[in-house]
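These protein sequence lines map, in sequence, to chains A and B.
According to this note's numbering, the first sequence is numbered sequentially starting from 1.
According to this note's numbering, the second sequence is numbered sequentially starting from 512.
Accuracy of the hints is not assured; some may be wrong.
Some chain B residues near chain A, calculated using beta-carbon distances under 10 Å [stated by the list, open to error]:
1. Asp522
2. Ala528
3. Leu531
4. Glu533
5. Asp566
6. Ser615
7. Lys616
Subject to a maximum C-alpha distance of 30 Å in a straight line, what follows is the list of computed DSBU-like cross-link-like pairs (lysine-lysine) [unchecked claim]:
8. B:Lys582 x B:Lys622
9. A:Lys303 x A:Lys258
10. B:Lys604 x B:Lys584
11. B:Lys604 x B:Lys622
12. A:Lys269 x A:Lys250
13. B:Lys622 x A:Lys320
14. A:Lys269 x B:Lys604
15. B:Lys622 x A:Lys307
16. B:Lys622 x A:Lys361
17. A:Lys56 x A:Lys108
18. B:Lys622 x A:Lys303
19. B:Lys622 x B:Lys607
Derived Cβ-Cβ restraints for the label pairs, each shown as a range [to be verified]:
20. A:Leu497 x B:Gly609: 20 to 26 Å
21. B:Ala629 x A:Glu428: 41 to 47 Å
22. B:Lys584 x A:Gly374: 51 to 57 Å
23. B:Ala525 x A:Gln365: 28 to 34 Å
24. B:Gly609 x A:Ala378: 32 to 38 Å
25. A:Glu261 x B:Ala629: 53 to 59 Å
26. A:Glu261 x B:Asn517: 55 to 61 Å
27. A:Glu429 x B:Ala629: 29 to 35 Å
Treat the hints as calculated values from the structure; they're not laboratory data.
Glycine included, C-beta positions come from ideal geometry on N, C-alpha and C.
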Amino acid sequence: MENPKYQRLRDPDVLLSILDNLPTSIFVKDENLRFVYSNELHCQMIGKPEEALIGKCDSDFYRGEEAEGFLANDRAVIEGGQTNISEEMASQESGMTMPVLTRKARLKAPDGNIYLIGTNADLTEIKKRENQYRALTATVPVGVLQIEEGGGISFSNPLFNVYCGGDGCGEEGSSLVKQLAEAHPGFPGVACKFEGNVQVPGAEPRAMLVMSSGWLHLGGEKRSAIVSIIDVSEMTELRRINEEVSRLNKELAANMKKLAEAQDELVKKGRMEQLGQLTATVAHELRNPLGAVRTSTFLLDRKLRDKNLGIESQLDRINKGIVRCDNIITQLLDFSRSRQLACQPEDLDSWLAGIMEEMAKGLPQAVSINVMLGLDGAMVPFDPARLQRAIVNLVANASEAMVGQGDDPSKFACASPSISIMTRRVGEEVCIEVKDNGPGMSAEVIARIREPLFTTKSFGTGLGVPAVEQIVTQHGGRLQIDSEPGNGAAFTLWLPLTAVEDGSQDDAKVA
Amino acid sequence: MSRQLNILVVDDDAANAESLAELFQMDNHRVIVAYDGKQAIDAFSLNQVDVGFFDVMMPNMNGVDSFIEIKDKFPDARVYFMTGYSADDLIDKAVKGGALGVFSKPVDLGKVLATVEAEAA
Chain A
1 MENPKYQRLR DPDVLLSILD NLPTSIFVKD ENLRFVYSNE LHCQMIGKPE EALIGKCDSD
61 FYRGEEAEGF LANDRAVIEG GQTNISEEMA SQESGMTMPV LTRKARLKAP DGNIYLIGTN
121 ADLTEIKKRE NQYRALTATV PVGVLQIEEG GGISFSNPLF NVYCGGDGCG EEGSSLVKQL
181 AEAHPGFPGV ACKFEGNVQV PGAEPRAMLV MSSGWLHLGG EKRSAIVSII DVSEMTELRR
241 INEEVSRLNK ELAANMKKLA EAQDELVKKG RMEQLGQLTA TVAHELRNPL GAVRTSTFLL
301 DRKLRDKNLG IESQLDRINK GIVRCDNIIT QLLDFSRSRQ LACQPEDLDS WLAGIMEEMA
361 KGLPQAVSIN VMLGLDGAMV PFDPARLQRA IVNLVANASE AMVGQGDDPS KFACASPSIS
421 IMTRRVGEEV CIEVKDNGPG MSAEVIARIR EPLFTTKSFG TGLGVPAVEQ IVTQHGGRLQ
481 IDSEPGNGAA FTLWLPLTAV EDGSQDDAKV A
Chain B
512 MSRQLNILVV DDDAANAESL AELFQMDNHR VIVAYDGKQA IDAFSLNQVD VGFFDVMMPN
572 MNGVDSFIEI KDKFPDARVY FMTGYSADDL IDKAVKGGAL GVFSKPVDLG KVLATVEAEA
632 A
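Isolated chain A, as found in the complex (with noise of 0.2 Å):
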């Protein structure tokens, strides 16, 4: 059974009403090429009625030259029997030219006669976007070019052509593409990015970035490559001085940070030596009245020992406050002193079994030391005098946190208060360490005690560990502090074998 669809294309006006709507001009000539049939859209391009065409040949229409193109072009398909398919432009009868892709077929009908069948398809769209395409790629900065799959470069725009130093489409674009293939395996049918030096023709190589879209369906039958090429030596000479300017932002960073901190190292020293002026002016002053009250209180105790008036205990609280006073002014001069360290080599056990043995009648009597030396007699360059009251400060510190001022046992932190010093060396490096076996420290505690002013007793200055760590820095070494909550807690400082270049400056002369 015949589909009923095709029944009705049986009717001839059915058939050329469909032909008559079709986008394309239709067209048929017979042998003599002469036309027989023109569907309603060739009759708009001619700008003729069917009945003023049938019967008449192009020569009717077109003027000469343009007619014996056709006449020969037709000519040849109905001789050949070749089909031909071209671009031509079309004149209209409005005067106007019009691109065409024009297609012939000869044609053999059933009633043995032969018949030219001829298509045109508008092309006017398709060429302006064309020529806005070419336009485009003539203002790029970019030279890109259309490479055919098995050669030939079928486009390239005009900064390509500058590239190449000639044709892009002949012999010089060729050579510049060969150029790039040696470049990077691969190009152009394989879709990539590289940059390469070109050498541009009368001109230093340049950088460039190439870029190609591999192997692609355009349209045609064989494929083509969209390839790209972008002058990048300039970009790449910004890059470096970019770079080097990043570099040099870095360095200069750097080298004002290091400025600052010298600066604030100054504002520090400056402010330091003024500190310690004035503490040693402020101790000078406070200890000559202070000698004049214990001096006096003194002969007070004499004066009146015997006449039992029970000021025992008053003279004791004055004996004990000037201790104090003098214990602050100590510290105080410890902190804000930074003299030029006296260091002489010296058996470090000797001195410090020495110091200890001086120092251990002044701490309560609740508390006792052990003194573990382990330098087999090393020789360690330090300032005695500076180093003592580190070790001053370190253990009256831990002597007060284990039983205060060790006069009431209700209030001793611990049973068995004991503290004790021990030397090792390790390395090039050796370490007095005094621990004791009091409350320990809190996290919080040890991460502020090298503050200044920071203290955690309810009398103090805060300046003892800071003294302490000042002392141990100048002298090229450092302060390790171990502890925790319940567990006691440690000091170490760390000297190093050798003596270190002391920068410390002399301060203040007062006595």
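Assemble the complex: chain A is given as a structure, and chain B must be docked to it using the hints.
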């Protein structure tokens, strides 16, 4: 049996100088008080001084320079220093010049009296 000494106390701080003088007097020593370095030199010239207790920083002439001059005239002079704050260079100079000891102010009176006792022995 300790002997009576002529003790020179030199301090520009009068309260200090006088309270110390009184203390020594209580132990039956004779005390001369001077308030600066120049007066100390005069005191040594005018008196038979057995032992001196000198402050360091004083107006007119500091204790150490005064001591050096005294030591030049009286090589046997016995002098101790008392200082509120160690001015290291001056103290060094004093010790090198023959000072017998340095007490930190406020001085430990037990130590000072023990020193005097030893001088008197």
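Practice task
State the violated hints by number, sorted upward, taking the hints as numbered earlier in the document.
Solution key: Of the numbered hints given earlier, those the structure breaks are 9, 20, 23 and 27, listed in rising order.
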